[in-house]
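Engineer: Keeping the supplied structure of chain A fixed, place chain B upon it in accordance with the hints.
Protein chains in written order, with the numbering used here: chain A, 1 to 108; chain B, 1 to 401.
These are computed hints drawn from the structure, not numbers from a lab. For each residue, glycine too, the CB sits at the ideal point set by N, CA and C. Some clues are possibly wrong.
Said to hold, decoys possible - Now the stretches of chain A that chain B is said to cover, found in silico as 3 or more residues with beta-carbon under 8 angstroms: (1) 21-30; (2) 60-71.
What the hints assert, rightly or not - Just a sample of chain B residues kept apart from chain A, beta carbon distances all over 10 angstroms, derived: (3) 86; (4) 192; (5) 215; (6) 232; (7) 316.
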Amino acid sequence: MAKIRFHHSNGNTDVLEVPDGTSLMRAAVSNGVDGIIGECGGQAMCATCHVLVHDEYLGHLPSISEDEDEMLDCTATERDSERSRLGCQIEAGGQLDEIAVDLPESQV
Amino acid sequence: MQLADSLRAEGFGGRVTLVDAEAGLPYQRPPLSKDFLAAGGTPELLPLKARKFFVDTKIDLIEANPITAVDRREKAVTLANGDRLEYSALVFATGARTRRLDVPGVGLGGVHHLRNADDATRLHSELDAASTVVVVGAGFIGLEFASAAVDRGLDVTVVELGPRAMGRAVSTQISEHFRTLHSARGVRFVFGQTVTALEGDGERVSSVVGGDGQRYPADLVVVGIGVEPNDAAAAEAGLRTGNGIVVDEYLRTDDDAIWAIGDCARFPCRHAGAPTRRESIQNAVDQARTLAATLARRPTEYHHLPWFWSHQAKNKLQIAGVPRDDGPTMVIGDVAAGKFSVLRFDETQLVCVESVNHPAAHMAARTILAIPHSMSREELAVVDFDLKQAAKLVRSTERID
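Just chain A, same shape as in the assembly:
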């Protein structure tokens, strides 16, 4: 199991325990965590699962694909050059048995 902490822009935090291999997007949507939409169901095609990863986890993230990189330029809330990622492309578990992210003001 892995632990994900979602920090909302209003100061609230949701903490989830999910099976290894669950994407951040899937974890949020399945568990009713607000602030992530995932319109395309996880195909890196809609940029509505934008998350900002906390600094201490940046080194453990999978490398960013060209597709994800291009979609991150299209997020509703402006991209952070270091911390922005698509939640559907990050799976909790393994090196990331714990991860914390900030959710942006808006996904659409």
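Structural biologist: Using the frame of chain A, we list chain B on its own:
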């Protein structure tokens, strides 16, 4: 689902009841023709929302109990089990059902239509034992399924009535590009071919018979020949229908208290320049959001730009806008590398962009096309057909206006 979610998000505090014909939590449909069909184990449905959502938001989900009648005078609906629900606003979001292949033999085992979870689960369970597949219809569903079947090592033939792949929806360049991609993976295509019968070996299908007498061996047949809107209950209630439930720009029917959204709704589309019924996630979701705004606070016209995506043969196709058939086209990007876009014009104006593995171009196109007539071919030429630049211009013009 989106409507219920957005109603609460808009601050609507009244009763919200979702009446569903299916059992179980509402789920994502796009994966059913893609990842859901992959080899291995029991595939899982992806719920749109967790059970907890309905409790937290006080939204009633009534499962496996579709409406059977609408009493417009009393403002009440009757459900399949006889229950009666009163409404102040009734929204049809009943979607569409698969068009059935109406030929002898369609009832044989091994013949599948693909729309909902039951269809996909049944199909998945037969893929392990299948070896020779015929797909009837080279539309999005047919080709996504063909792709999944090839991934599973099956032999695939696609039989299509029209002259090219996805003929209803895409340019000839895109049809050809995808035909090539699928063929390179082993898919055989037969265009301009009707299906007149399915033949069986006992209880199961063994071949598909074409209009010209040609026989295509098949131990599994998947039919993807389009869908029909679920507008029967609306029609019986005396609402105007005709390839969908007719609504105005507020998504409202002739009855002040009844609305329709999604695959079942025929609405005035300014991007198409004609009444349209659109079959896409975007249309359903955006119409739901717009209607929620209308129902919760103030009347809001629906004018979102249609866009669509499909995942086939390991390639991503994204379409923004509505094409005019036979309009001029132009290609940007790198066709050889398989990352390009087809710009489709209506005489002078850009009206549609079809992108293959070109997501940034697609997103820029959505910004540009959201405002009708915002970019002519000439104006695009000024920025060297760089859609990102063009999108920036459109955005800055919007701000000045």
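Engineer: Run every hint past the structure and note whether it holds.
Structural biologist: Status of the hints after comparison with the structure:
no.	hint	in the structure
1	21-30	holds (count 3)
2	60-71	holds (count 3)
3	86	29 angstroms, holds
4	192	32 angstroms, holds
5	215	37 angstroms, holds
6	232	29 angstroms, holds
7	316	7 angstroms, violated
This entry does not satisfy hint 7, going by the numbered hints stated previously; all others are met.
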